[in-house]
Structures are given as C-alpha cells and as structure tokens.
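Peer 1: The hints should help you fit chain B onto chain A, whose structure is shown.
If you read the sequences in order, they're chains A and B.
Just so you know, we're using the working numbering here: the first sequence kicks off at 39 and counts up by one.
Just so you know, we're using the working numbering here: the second sequence kicks off at 39 and counts up by one.
These are computed hints drawn from the structure, not numbers from a lab.
Remember, it's a predicted structure, so these values are computed and weren't measured experimentally.
There's no promise every hint is true.
Subject to a maximum C-alpha distance of 27 angstroms in a straight line, what follows is the list of computed DSS-like cross-link-like pairs (lysine-lysine) [stated by the list, open to error]:
| hint | chain 1 | residue 1 | chain 2 | residue 2 |
| --- | --- | --- | --- | --- |
| 1 | A | K210 | B | K204 |
| 2 | A | K204 | A | K245 |
| 3 | A | K185 | B | K204 |
Which bits of chain A does chain B cover? Going by a derived footprint, with three or more residues having C-beta under 8 angstroms, they are [as the list claims (entries may be wrong)]:
| hint | region |
| --- | --- |
| 4 | 187–200 |
| 5 | 220–234 |
A virtual CB, placed ideally from N, CA and C, is assigned to each residue, including glycine.
There are 2 protein chains.
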Amino acid sequence: MMEKKYAVVVAGGRGERMTSTVPKQFLVLGGLPILMHTLKTFNEADPKIKLILVLPVSEILFWKQLCIQYDFQIDHLLIEGGTTRFHSVKNGLDQIDEAGLVAIHDGVRPLVSTKMIHEAFVTAEVHGNAIPALQITESLRHVANGKSTSLDRNHYFLVQTPQCFKSDLLKKAYDQTYVETFTDDASVVEAMGETIHLIKGARLNIKITTPEDLLIAEVYLKETNNN
Amino acid sequence: MMEKKYAVVVAGGRGERMTSTVPKQFLVLGGLPILMHTLKTFNEADPKIKLILVLPVSEILFWKQLCIQYDFQIDHLLIEGGTTRFHSVKNGLDQIDEAGLVAIHDGVRPLVSTKMIHEAFVTAEVHGNAIPALQITESLRHVANGKSTSLDRNHYFLVQTPQCFKSDLLKKAYDQTYVETFTDDASVVEAMGETIHLIKGARLNIKITTPEDLLIAEVYLKETNNN
Numbered sequence: 039m040m041e042k043k044y045a046v047v048v049a050g051g052r053g054e055r056m057t058s059t060v061p062k063q064f065l066v067l068g069g070l071p072i073l074m075h076t077l078k079t080f081n082e083a084d085p086k087i088k089l090i091l092v093l094p095v096s097e098i099l100f101w102k103q104l105c106i107q108y109d110f111q112i113d114h115l116l117i118e119g120g121t122t123r124f125h126s127v128k129n130g131l132d133q134i135d136e137a138g139l140v141a142i143h144d145g146v147r148p149l150v151s152t153k154m155i156h157e158a159f160v161t162a163e164v165h166g167n168a169i170p171a172l173q174i175t176e177s178l179r180h181v182a183n184g185k186s187t188s189l190d191r192n193h194y195f196l197v198q199t200p201q202c203f204k205s206d207l208l209k210k211a212y213d214q215t216y217v218e219t220f221t222d223d224a225s226v227v228e229a230m231g232e233t234i235h236l237i238k239g240a241r242l243n244i245k246i247t248t249p250e251d252l253l254i255a256e257v258y259l260k261e262t263n264n265n
Numbered sequence: 039m040m041e042k043k044y045a046v047v048v049a050g051g052r053g054e055r056m057t058s059t060v061p062k063q064f065l066v067l068g069g070l071p072i073l074m075h076t077l078k079t080f081n082e083a084d085p086k087i088k089l090i091l092v093l094p095v096s097e098i099l100f101w102k103q104l105c106i107q108y109d110f111q112i113d114h115l116l117i118e119g120g121t122t123r124f125h126s127v128k129n130g131l132d133q134i135d136e137a138g139l140v141a142i143h144d145g146v147r148p149l150v151s152t153k154m155i156h157e158a159f160v161t162a163e164v165h166g167n168a169i170p171a172l173q174i175t176e177s178l179r180h181v182a183n184g185k186s187t188s189l190d191r192n193h194y195f196l197v198q199t200p201q202c203f204k205s206d207l208l209k210k211a212y213d214q215t216y217v218e219t220f221t222d223d224a225s226v227v228e229a230m231g232e233t234i235h236l237i238k239g240a241r242l243n244i245k246i247t248t249p250e251d252l253l254i255a256e257v258y259l260k261e262t263n264n265n
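Looking at chain A on its own, in the form it has when it is part of the complex (with noise of 0.2 angstroms):
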C-alpha cells in the first residue's frame, strides 16, 4: 500500500459513568494509560502511520505530563477536541494536508488488534470505507411508543472502530452540518449517499465505559498476551 495513512483517536467523553474523576481514556491498564495502548497498538501496526491525538483542552496539560511520567515514546501530534464526537474528529481531520487513508479510532478501545487496524486500512483503500461490526447474538428488540416488537437479530450488527476511509471521502463528509443521528463516522458518510462496506469486528475491541469494562480489558489484556 503506498497511500498515506493516518489515525485520528479521539477520547473526548466526560466518562460520567465511570466512578472515578479522572476521565476513562486515563485510567491504567496493565501498567499503561488506555490512552497510551491505543495509540501504541496503531504505531506497532505500522510505524509509518501518522497519529493524530484529539483531546479535550481542559486534558491536554494531564496528557503531556502522562507521556513524561510513563517515557511515551510514540510521535503524535495532539489537538483540541470540540462540543461533540462530531466535531472533535473534525478538528483531527483538519490537520490531513495530503490526501491518503484515515482510520478513526475510539481512544478507549485500546484492544484493538494491529490485524484489524491493516484490515480497515487495506479494504478502504479498495472500496473507500471500511467499518468493522459484530453481528447480535442475542435476541433483539424496537421500541417505539412505548411497545416493543421482536426482531431478527441475523440483521442487526453493532458497530466499532476503527473505521477507516479515503480522507478525501471523509474529510467532505464532515463538511456536512452536524445532526445527532451522527453517532459514528459510518453515518456520517452514509448521509453523503456513500455505500458502507462491513468487515468483522471482535469481541475483545470493547469500549471501555465501565467501571467494569475496565476489569474486563484487564482479562483480555491477560489473554492477549498469552497468545
């Protein structure tokens, strides 16, 4: 692939459903800020990706004395975050001068695995967009008006990240003005009429909003490294 590549990871939530004060995107994992996994997991699957940081600016002065406390090594440009998800990545695509591949990552999925990073970057570069999504194994319902109906499940797929675009694509997608069925970069795109191309996501690639998925990226974190 000679496309350049990018990755905006962007943590920008408040983390209100975590106990702790300091936001989830911080907090230590196997000896290392989430934070500093899912950024070093985007250098090991190519050192030549340029990673782009965004963060809110009341986090930005925590984050540098972070990367002295911990020695982080790994290049990064860091930017400020916006209001929301939406304009946050925005900010982080700003800083793409020359045209290439951008995955955009949820900094708190740090179990990302380098696999599906070169997946997401070898099927955008054919087919313009790649969103890994993990299809429901267990049983779904709609809720609308206060009634519920049984649906197939077979059809249904939660999506992850990273999900990665033509930066051309996705940086004219963002020129879109921001509506809040935006929940992911997919659906940005989508509402340009682009057609969205899936690839398989993983169970262990969980967002880590708990205070219990915190515990749960501690087990995977184990087993992932027994292998």
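Peer 2: Just chain B now, kept in the frame of chain A:
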C-alpha cells in the same frame, strides 16, 4: 405475592463456541459449576420458587454426579430437553400443573441478581409478562441483501432472561407450532398477539458462550461478592 412461582432453567447448548469439551453450563465459576450458581440464585431470591432444570438427555447423568460431587442440596426437578430451546422450554412447562407465574432463564446466565428475579415476578403478576432488556450503547447497523444502513440505537434493546410470564399464558403460547424466529420466550408470546412488557436488564447478567465470557464472569462474580 400469593401465586405459585416456577423457574424453568434451560441449558441445552452444545457449547460449540467453547474450546472445552464440557458443555459450558458445567464449567466451574468461582469454585462452583455455572448451573449451580444459577439455581442457587433463584433459590436465594425465594426458596418457594419451584425449580425445573431442563438438560439434554446425554447430560443428565453427568449433572447428577456433579450434584453429588459438590453436595448440591437445592431441590429441583430434572427434565430432559428437546431438539431446540423452544422444545426444551415446552418440556419444562409440561411439568407445571398448578397455575402461577413462571420465569424462563438461560442456565448460562449465572450472574442474574435476586433483585432482577424479584422484579420479573412482581411485574409479570401485574402485566402478564416481564422481559429484561438492555439499551444498546454502541452504533447499530441493519444489514440486508449485502447492504447496510445506520439505525437510531435509542430504539433497540438486547433481551436477557429471566423472562417471566403468567404460566397459563406461556403454556398457551408454547402450544403454537415452532418457527425459527422464536429466539426467546417473548417472541413466542408476542406471536400470539400479546403485548410485551420490558423491565430493566443488567450489564452484569451476561450469557456465557465463549472462553472470554467465563473470564468476565469470574471478574463480575468477585465484584458482586465485594459489594
């Protein structure tokens, strides 16, 4: 509550997704086979709940030996399962002679709380049924004919067990001819035209289907015991 209470615990899964050759319901969690945790919690919720355990015929003897080995004293009726979950539940329901309330529960959900069991029974007494459901917190896509579209996740819920019903209603529902869309008890009852009443599910109430799930369950079990 004066109505008679039953719990049909089904554990017919072959455990194809587990690397262990022992069916997952017998795997040891915190020193006790998963299925014993499950039965124990129903017994703790209310010792008057009549427990009906449905197992594949090939596992009956193994279970009996486990009960001796672990000196498992909780009284339960042991019934042979059918070819699908539907048929196993039906076999369990056939044991109910006196009308009351019945909870159907996945044997491989050992972390169900006594609180949720209580709520399911109380709600089913009032509304005819009570189905625990958990709101989806990740982005969701619908896939059909090779194309996927973004959905508003706020309208979608993952269904858990125990699913609790007035026993007459559930027995009548299970007299219907089996179809593949019957993935849980709510879908069977709904097919009869009944309105389904959702109660709040719990993240910790996981279904153990993979080796990682067992590790997660160990973590959750420790958490639960510490609280």
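Peer 1: Now tell me, hint by hint, if it's right for this structure.
Peer 2: Evaluated hints:
1. Of the pairs offered as hints, the one joining K210 (chain A) and K204 (chain B) is violated, with about 55 angstroms between alpha carbons and a cut-off of 27 angstroms exceeded.
2. Distance restraint check for K204 (chain A) and K245 (chain A): the Cα-Cα separation of roughly 24 angstroms lies within the 27 angstroms cut-off, and the hinted pair is therefore satisfied.
3. Restraint check for K185 (chain A) and K204 (chain B): satisfied, since their Cα atoms lie roughly 19 angstroms apart, inside the 27 angstroms limit.
4. For a cut-off of 8 angstroms, the count of residues in the region 187–200 of chain A with a CB near a CB of chain B stands at 11, and the three-residue condition holds.
5. Counting residues of the region 220–234 of chain A whose beta carbon lies closer than 8 angstroms to any beta carbon of chain B gives 7, which reaches the threshold of three, so the coverage claim holds.
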